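Using the hints provided, position chain W relative to the given structure of chain R.
2 protein chains.
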Amino acid sequence: MPDTEKNYQEKIYDDFLSLLEQKQYGPLIRMAQQQHPIDIAACLELLDDDRRVAVFRMLQKDCAAEVFAELDSDVQEMLISTMTDRELSGIIEELFSDDAVTLLQEMPANVVKRIMRSAKSETRKELNRLLDYPEDSAGSVMTGEFLELHKNMTRAEAVAHIRKTGDNAETVYVAYVTDAQRHLEGSVTLGDLLFAEDQDVIENFMSRGVPCVMTHDDRETVSLTVSKYDLVVLPVVDKENRLVGVVTFDDAMDVMEEEVTEDIEKMAAILPSDKPYLKDSVFEIFRRRIPWLLVLMLSATVTGAIITHYETALGGWVILTAFMPMIMGTGGNAGGQSSMTVIRSLSVGDIELRDAGRVLWKETRVALLCGIIMGIATFVKVFLIDLHMNVASLPVAAVISLTLVVTVVMAKIVGSMLPIAVKRIGLDPAVMASPFVTTIVDALSLVVYFEIASALLGV
Amino acid sequence: MPDTEKNYQEKIYDDFLSLLEQKQYGPLIRMAQQQHPIDIAACLELLDDDRRVAVFRMLQKDCAAEVFAELDSDVQEMLISTMTDRELSGIIEELFSDDAVTLLQEMPANVVKRIMRSAKSETRKELNRLLDYPEDSAGSVMTGEFLELHKNMTRAEAVAHIRKTGDNAETVYVAYVTDAQRHLEGSVTLGDLLFAEDQDVIENFMSRGVPCVMTHDDRETVSLTVSKYDLVVLPVVDKENRLVGVVTFDDAMDVMEEEVTEDIEKMAAILPSDKPYLKDSVFEIFRRRIPWLLVLMLSATVTGAIITHYETALGGWVILTAFMPMIMGTGGNAGGQSSMTVIRSLSVGDIELRDAGRVLWKETRVALLCGIIMGIATFVKVFLIDLHMNVASLPVAAVISLTLVVTVVMAKIVGSMLPIAVKRIGLDPAVMASPFVTTIVDALSLVVYFEIASALLGV
Numbered sequence: 053m054p055d056t057e058k059n060y061q062e063k064i065y066d067d068f069l070s071l072l073e074q075k076q077y078g079p080l081i082r083m084a085q086q087q088h089p090i091d092i093a094a095c096l097e098l099l100d101d102d103r104r105v106a107v108f109r110m111l112q113k114d115c116a117a118e119v120f121a122e123l124d125s126d127v128q129e130m131l132i133s134t135m136t137d138r139e140l141s142g143i144i145e146e147l148f149s150d151d152a153v154t155l156l157q158e159m160p161a162n163v164v165k166r167i168m169r170s171a172k173s174e175t176r177k178e179l180n181r182l183l184d185y186p187e188d189s190a191g192s193v194m195t196g197e198f199l200e201l202h203k204n205m206t207r208a209e210a211v212a213h214i215r216k217t218g219d220n221a222e223t224v225y226v227a228y229v230t231d232a233q234r235h236l237e238g239s240v241t242l243g244d245l246l247f248a249e250d251q252d253v254i255e256n257f258m259s260r261g262v263p264c265v266m267t268h269d270d271r272e273t274v275s276l277t278v279s280k281y282d283l284v285v286l287p288v289v290d291k292e293n294r295l296v297g298v299v300t301f302d303d304a305m306d307v308m309e310e311e312v313t314e315d316i317e318k319m320a321a322i323l324p325s326d327k328p329y330l331k332d333s334v335f336e337i338f339r340r341r342i343p344w345l346l347v348l349m350l351s352a353t354v355t356g357a358i359i360t361h362y363e364t365a366l367g368g369w370v371i372l373t374a375f376m377p378m379i380m381g382t383g384g385n386a387g388g389q390s391s392m393t394v395i396r397s398l399s400v401g402d403i404e405l406r407d408a409g410r411v412l413w414k415e416t417r418v419a420l421l422c423g424i425i426m427g428i429a430t431f432v433k434v435f436l437i438d439l440h441m442n443v444a445s446l447p448v449a450a451v452i453s454l455t456l457v458v459t460v461v462m463a464k465i466v467g468s469m470l471p472i473a474v475k476r477i478g479l480d481p482a483v484m485a486s487p488f489v490t491t492i493v494d495a496l497s498l499v500v501y502f503e504i505a506s507a508l509l510g511v
Numbered sequence: 053m054p055d056t057e058k059n060y061q062e063k064i065y066d067d068f069l070s071l072l073e074q075k076q077y078g079p080l081i082r083m084a085q086q087q088h089p090i091d092i093a094a095c096l097e098l099l100d101d102d103r104r105v106a107v108f109r110m111l112q113k114d115c116a117a118e119v120f121a122e123l124d125s126d127v128q129e130m131l132i133s134t135m136t137d138r139e140l141s142g143i144i145e146e147l148f149s150d151d152a153v154t155l156l157q158e159m160p161a162n163v164v165k166r167i168m169r170s171a172k173s174e175t176r177k178e179l180n181r182l183l184d185y186p187e188d189s190a191g192s193v194m195t196g197e198f199l200e201l202h203k204n205m206t207r208a209e210a211v212a213h214i215r216k217t218g219d220n221a222e223t224v225y226v227a228y229v230t231d232a233q234r235h236l237e238g239s240v241t242l243g244d245l246l247f248a249e250d251q252d253v254i255e256n257f258m259s260r261g262v263p264c265v266m267t268h269d270d271r272e273t274v275s276l277t278v279s280k281y282d283l284v285v286l287p288v289v290d291k292e293n294r295l296v297g298v299v300t301f302d303d304a305m306d307v308m309e310e311e312v313t314e315d316i317e318k319m320a321a322i323l324p325s326d327k328p329y330l331k332d333s334v335f336e337i338f339r340r341r342i343p344w345l346l347v348l349m350l351s352a353t354v355t356g357a358i359i360t361h362y363e364t365a366l367g368g369w370v371i372l373t374a375f376m377p378m379i380m381g382t383g384g385n386a387g388g389q390s391s392m393t394v395i396r397s398l399s400v401g402d403i404e405l406r407d408a409g410r411v412l413w414k415e416t417r418v419a420l421l422c423g424i425i426m427g428i429a430t431f432v433k434v435f436l437i438d439l440h441m442n443v444a445s446l447p448v449a450a451v452i453s454l455t456l457v458v459t460v461v462m463a464k465i466v467g468s469m470l471p472i473a474v475k476r477i478g479l480d481p482a483v484m485a486s487p488f489v490t491t492i493v494d495a496l497s498l499v500v501y502f503e504i505a506s507a508l509l510g511v
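As they're listed, the protein sequences go chains R and W.
All letters in the first sequence, in the order written, are residues 53 to 511 by my numbering.
All letters in the second sequence, in the order written, are residues 53 to 511 by my numbering.
Simulated from the structure, these hints should not be mistaken for laboratory data.
The model shown is predicted, which means the values in this text are computed figures rather than measured ones.
There could be a bad hint or two in this list.
In this list, chains with the same sequence are indistinguishable; a pair is considered to hold if it fits within one copy or across any two.
As the list claims (entries may be wrong) - Computed list of lysine to aspartate or glutamate pairs in DMTMM-like fashion (alpha-carbon distance at most 25 Å, straight line):
#1 Lys172 with Asp137
#2 Lys113 with Glu197
#3 Lys63 with Asp231
#4 Lys280 with Glu309
Bound-form chain R, shown alone (with noise of 0.2 Å):
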C-alpha cells in the first residue's frame, strides 16, 4: 500500500481513535455500524481490555457476532469470560456455522464447554455434525447457512421463500436448487431471480451441471475448484450427492493462503504451523524448525565423509579446497531453482505428475545452457585472475568448470525429478526444496569434484 497517503483503512482508525479519546461514544457507535465488521475488529484489537468490553457491548447484536467472527482467538477469550451465559448464546446463534466451528477449534476446553451448553441444542447438533468431519477436508470447512430452493417453485415463489429465510444464510449471491430428495440439481444466482419473470419455473432457468466437491474432499481441492470456477459459492455434497453445505469464496481464499504459507515453510525446512509468526512462542517455532535441521546436519556429515576419503590426495593440492563452496553453494542454487519451479507449477497445475518426461527434458537443456556459460565464466576468471596471482594453474581451472557443468546438470536434474517422484509416492513435494536438494547435490558435487581432479590431475 502507498505509504505517501493514508489508505482507507488508516484513516478509519484515526477517526475511530480520536472519537475515542474525546469519549464520543455515540458517534462512535454510529460510526462503527456503518464500517466492515473487519475494520471495527482490528480497531477494538487496538484498545485495552476495559475500554474493548465497554465498545464491544455497545454494539447491535448482529453486528457485534460479524465482529466477535473477525477477532483474533485470544481476543475472543477474553470477551467471552466477561459475558454472561446468556449474552454468549447470542453471539453463537447469531454466528455463521463455519465461524463458531472455528471458534471451538481454538478455544481452550472449558472455554469450549461453556459454548456447547449455552448453545440451543439445535444449533449445538450441527456444530457436532460439522466437528466431525476430519481436519482440513471441506466438510471441515463449510458452513450450513445457504439457500435452498425447490426446482418447482415459480420466481414468485423462490422470491417469496428467499425473503423469508435468507437472512441466515452466510452468502445471498447464489440459491441452490435440489429436489425432494435434496440432491443437488442446478443453481440461480439473485441475478437471474431478478431478470426473470413472477411466473417462471425454477427449473425453466437454473444453470445445471454446478461444480461441487464431496464433503471429505480435500480442502485444497475445495480452493482449487473456487478459483478454477471463479466461484463465489462452492456447493458441498454428500456420498449420496445430497446437498449439506457451502463454502464461500473467502473461506477457499483463506485455505488458499494457508496453503500457500504451509509450501513456502516445508521449502524453508520449517514444519507447518497455523499462528501467525509474532503470535507464536519462541519455543513454539524452535520446536518446528529443529528436526530439520538436526536431520541435514547428520546426513552433512556424509559430504564430510566424502571429503576425509579424499583428503590425503587433497594434501598435494590444497588450491581445490577454496573452490569447493563456490561448486557446492552453485549446485544448491541451480538444483533449488529447478525444486521450486517444479513444486510450484505442481501446485498451481502447470505440471502434472504424466509431465516428468517433458520437465525432465526441458531441465537437462536448461542446465546445459546454464553450466557451459558457467563453466566459461569460471574458466575466464580463474584463467584471468587467479592464474595472474598464480594460485591457480590450467588444469585446476580445467577441472573446475568442468566440474562446475556436471554439478549444474545433474543438480537441475535432482532437483526437478525430486518433487515428482515424491509426489507419485503420494507425499507432498514441498519438502523437496532447496534445502534438501541442497544436501544432496552438495555430496555428488563433491564426489564429481574430486573424482574430476583425479583424472585431470592425477592426485
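Relative to chain R, chain W alone:
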C-alpha cells in the same frame, strides 16, 4: 484431487470426447451449452486444430466469447487466424473489457492491429483507456462493465435499470451507487434489492463506506483488499473518487496466485515469468535463471578467498576441512528458515516494518535454542563416533560445536533482518531468501570457524 474416483471434471472430458468420437455433434453442443465455459475451453484444448475450429464455430455467440476468454493465448491466436473480421468483431464486443485487455497484451502486434480494427469505435476507445494504465496497477486489471445505480432511485426503478443494463455487467452480484458526478457513495447487493420494497429509495438501504482502491494502486493492493474485506467485487475510483471500474474476486484470486508464484521465483533466485513452466521456452527459462546463478557464484569467490587466507594455517589441521560443508550447510538452512518465514509474514501482513525489533529478539532466542541443541548434538556425535575412529580430538569437537552455535545465531539474525532491511529501502524482500542469505552466511561462518579454531587450537 482423489485419484480413486473420477472427479467432476474428468467425467465431463470423458463425455465430451466420447460424443466427439461418435460424431454426435448435436448432443455435443447441447452438452457444451450446459457446461462451465472453463470446462469447454479445457476440452477444446485437447482437440486438434481442425476439430477445435469446427466445435468452436458451433457454440452460441455469448457462450463462444466466454469460452474464448478461458483459452490459452496460442489457441486464441490460432482461432483468430481462422475468423473473418466480422466474426472477430462479434467475439471482441462480447468479451468483458478486462479479458479483452489481457488478450491484447498477449497477442503479437499484427493480431492486436486486426483486433483493434475489428472492434467498434466505442470499444476501441474503452480498450485504449484501460491499456493506458500502468502495468500491474488496479486500472490494468479492472473491467469497465459494472452495475451502477443512482442514490435517489427507488427499488423498483433500480430493478428496472438492472434488468435493462445488467447483461453487460461482468458480475451481477453487487451494484454501486453514485451521485450525479459519478462519485462512489455506496453499494447494494442484489440480495438487498430482493429484500427491499418497491418504493424504498436506494439511499436508505445501501451500505456506505464501501472499501475501494484507486486506479494507480498496485494490483497487490487489489488482492489484499479483496481478501481482507471478503469482497465479491472491488470498486476502482480515480483521484476524484469517481467510479471508473471494478475488479471481481476471481481476477483478484488470479493476481494473488501470480504474486505468490513471483515471490517463490524470487526466493529461488529466478527472475519472474508470467508464463506457465511448460509454455516457457528453454532459452527463456535459462535467461531468467542464469543472472542470479552468476552473481551468487561470483560472490562465493569471497568464501574461496577466506579459505585461501587461512589455508596455510589449515595445513596442520586437514580434519577441519571435512566439517566445512556441514557448517556452511547448517548456516544456510538456519538462515533460510528465518528469511523465508519473515518474507512470507511480511507478504501476508503478519509482520510490519515496525516489528523489526520484536522479530530480532524472537529470532535471537530461537537461534540460541537451535544453536545450543545442534552444538550439543554435534559434540556428542563427534565425541562418540569421530573421536572413537581417531579422526577428531576433543578440542576439534569443541571448535565445531562452538562454531555451530555462533553460525546458527548469526544466520538467523542475517536471515530475518535482511528481508526487513530490503523492504525498508523499498525493494522486494523476496530476493533476500535462501540463496542470497546462504552466500553471505557461508562467508561469515567460515571466518567464525577459522577464528574459533585459531583461538582454541592455536593454528
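Hint-by-hint comparison with the structure:
no.: 1; hint: Lys172 with Asp137; in the structure: within (11 Å within a copy, 65 Å between copies)
no.: 2; hint: Lys113 with Glu197; in the structure: within (19 Å within a copy, 36 Å between copies)
no.: 3; hint: Lys63 with Asp231; in the structure: between (49 Å within a copy, 22 Å between copies)
no.: 4; hint: Lys280 with Glu309; in the structure: both (16 Å within a copy, 12 Å between copies)
Every hint, counting from the list given before, is met by this structure.
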